[in-house]
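Trainee: Starting from the known structure of chain A, arrange chain B on it as the hints suggest.
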Amino acid sequence: MRHPQAEGSDDIQALIALMARLPGLGPRSARRIVLHLIRRRGDQMAQIAALMEKVAQNSRECLCCGNITDRDLCAICTDPNRATGEICVVEDVADLWALERGGAFRGRYHVLGGTLSALDEIGPEDLGIPRLLDRIAGEAVSEVILALNATVDGQTTAHYIADALEGQSVTVTGLAQGVPIGGELDYLDDGTISAALRARRRL
Amino acid sequence: MTLSRLSLAQFRSWRRLDLSLDARPVAIFGPNGSGKTNILEAVSMLAPGRGLRGAPAPEQARQGLDAGWRIRARADGRAVETGALPGQPRIVLLDDKPVPQTALARLLRVIWLVPAMDRLWTDTPEGRRRFLDRITLSLMPDHADLSLAYDKAMRERNRLLRDQIGDPGWYRALESQMAEAGGAITRNRLKALAAIMAHQQGGDFPAARLVLMPGEGFADDSDPASIAARLASMRGRDLAAGRTLTGPHRADLGASWGPQDMPAALSSTGEQKALLLSLILANARALADQPVLLLLDEVAAHLDADRRAALYDLICALPAQSLLSGTGAELFEAMGSRARRLAVHREDGASVATEETE
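Chains as they are written, first to last, in this note's numbering: chain A, 1 to 203; chain B, 1 to 358.
No lab work stands behind these hints: they were computed from the structure.
Owing to the predicted nature of the structure, the values given are computational and were not obtained by experimental measurement.
Accuracy of the hints is not assured; some may be wrong.
To be verified - Pulled a few chain A residues facing chain B out of the computed Cβ check, cut under 10 Å:
| hint | residue |
| --- | --- |
| 1 | A162 |
| 2 | D186 |
| 3 | D189 |
Glycine included, C-beta positions come from ideal geometry on N, C-alpha and C.
So here's chain B without its partners, still in its complex pose:
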């Protein structure tokens, strides 16, 4: 069992919530603002980072209490606790011992789809790069450390550029580290894209052809020697720009589908959503031998009834544990008895959940 227990204390709209979970998907429904997404967000805090809303820790505490928040879970047989006291950063305890957040990446794979990602294909490359890196991180836990090392060395180099420092040895020292980490980052991204493409099934959720786009930054180069050589030869232009213009930090994710190889950005809103779902489901399948949690927020939006039913069939066939949210119970009708149903509403300013059984 990936996640067998989940308890929230003073997390967003929840004063308390205690859930026992089994292998079945959980369908969470209720009116807008009742606290559905907050449950999914709480689960997303069992991964490193800022969760599916990308929110800072102080924002996640229940308003007006100034007492911080806490999430406890039983995940893959381990006791996980995370939370933040007022004014303090988030802490993580694994079996009651403090561990760095990155330890969570090795324990659980948490994948999510939220409505903010609906515009992914038409938004800036940055959002797609983040999406690609989340997928890559789920498949290759060392991706986080590599990204941190690359970013650190690049920030150092950018500072040298901005201060107009001309010491070539210093640049070479940073560039060789950027090249090592950058090459590994690109190899990881390419491996992740290959794994996702191999695990798409097509049908109602079209299989996409995915490419790592080089952009103007040669961001698809995975060879450390040529990355280092390019950084060295670009120093003049980078000095003029005051920042590093080439490298994996300029990467973009390209997706197209169907017999006409239709670019995702030109597809209908519904098709774009279906494409995202196809990738998310493929990501979960690619992690079949690992503990996966799949969080699908407002997933029924933009999907017609047939596609919804098809999606539920695919979710139930996944070797992952899923939590879904939606405004009305009727959205989950096609799940039938395969899913647990949790009705959520507000009472005295706090969220309350009741499990519906028929």
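Bound-form chain A, shown alone:
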């Protein structure tokens, strides 16, 4: 591949091409970022490079819940204060982080890494659902919260897990659907408004 000579060495071009493949970036923003990093190569770029290498070497999935960690078990799974008997099931780590940012949940998690989909050939084993069921039996769990997306695949997965837990002494719950905090009714779609109305509560 040939590039205009003004755009730097082959290594720099390769770096831009790699950056451009990252989520949220394109060729233009990748060029901007690389140029910025090169200008700050002494401090920022060196720091980022060192950390990238370290994170690449040390990151792995928590053996218990699937969260990203640098040890066998993540900080949440080893914190005795979080053994509340509640397990929150999420699709991926980004969802776990979103719930942690909210700070309202004090129990432990289980990351599925996707949703059931026959069309994409993702079955219960691929999602570690048998492992989840073992955990529930072994960890004195009293409530399983299914924090899955309100899509067909997400809800199929929720139904599947709830179905598998039927007859066991755990409460299975799902997240509420309705008006977001600070939301204006006028801007909500019909489906959300109907869901909110169905889930109305006494004040």
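Mentor: Just chain B now, with coordinates in the frame of chain A:
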């Protein structure tokens, strides 16, 4: 005003077209292939989906230019823009902001009748089901999301059936979603049929008795619990067939009319057309409080002069905005000054429109 402006750029045979519209119907006439239907098709793109020709976006661009196409409209006070660049899917902008296509369903109700629907009553159930679902969607915008959810869950279930997967929990998870969405789909369809029957007026365009036909698929069942139970009990047969044999996706629309309760499929070609028009007009009336666009392509075909005149009276009485097409100006004579008249012809390979005033 439902639609006050319409501009086409590089859409099918039109290099450019700019129309200001008012409440009057627009009668579009010109020879075959002059580009009349393309105007109606452009308006139909202000609804979600593939428009009245069911065409993919690349096919709608002007031939030989490779520049894509664009439609702009002022609809119900909002700026609507839709179009597609070469090799890209159709996009929709509402007040300059990108929105999903389904947002259009909440803005406008676009209803159409095209010559391809003339054989609706004698064709396969699939065509009638699509027709029924278009009517239902116009009355109940949530019908689109329900249909998508049902289809997705059914495709997942069909895949399990084809792969001979035996996990009953997985089936139950999908079937409970099919039952929820399916029950709501059937309730919507039944409500839509009741609304259409209540808004037919009879006369030259006979009022039809409409029924949701269960077929062999129990497609008229609206109870989620019994749909789920049936899907569960049918798993063995479905596994053998490799697909889902029962449910609302097997529904058919039945229509009959007159004192002898004559089935639509056994009526004359003209009667069948009159029956379709009766339903389309009833659909527009049932939406009286909403912005409705009615597109009638080659509507005069199969209708005698008296019926044509009666149709125009009904159209002018509708609370909807209408666009009609036909080959000759004389077909619209009975409209008189109640309609605007747009003559269309081809010039240097592109369509050109001139408004006729008398």
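Trainee: Hints first: check each against the structure and report whether it holds.
Mentor: Hint-by-hint comparison with the structure:
For A162 of chain A, the suggested interface contact is upheld, since its CB lies about 8 Å from the closest CB of chain B, less than 10 Å. Here the hint on D186 of chain A is broken, as its CB sits about 12 Å from the closest CB of chain B, past 10 Å. Taken as an interface hint, D189 of chain A checks out: its beta carbon lies about 8 Å from the nearest beta carbon of chain B, inside 10 Å.
The structure does not agree with numbered hint 2 stated previously, though it agrees with all others.
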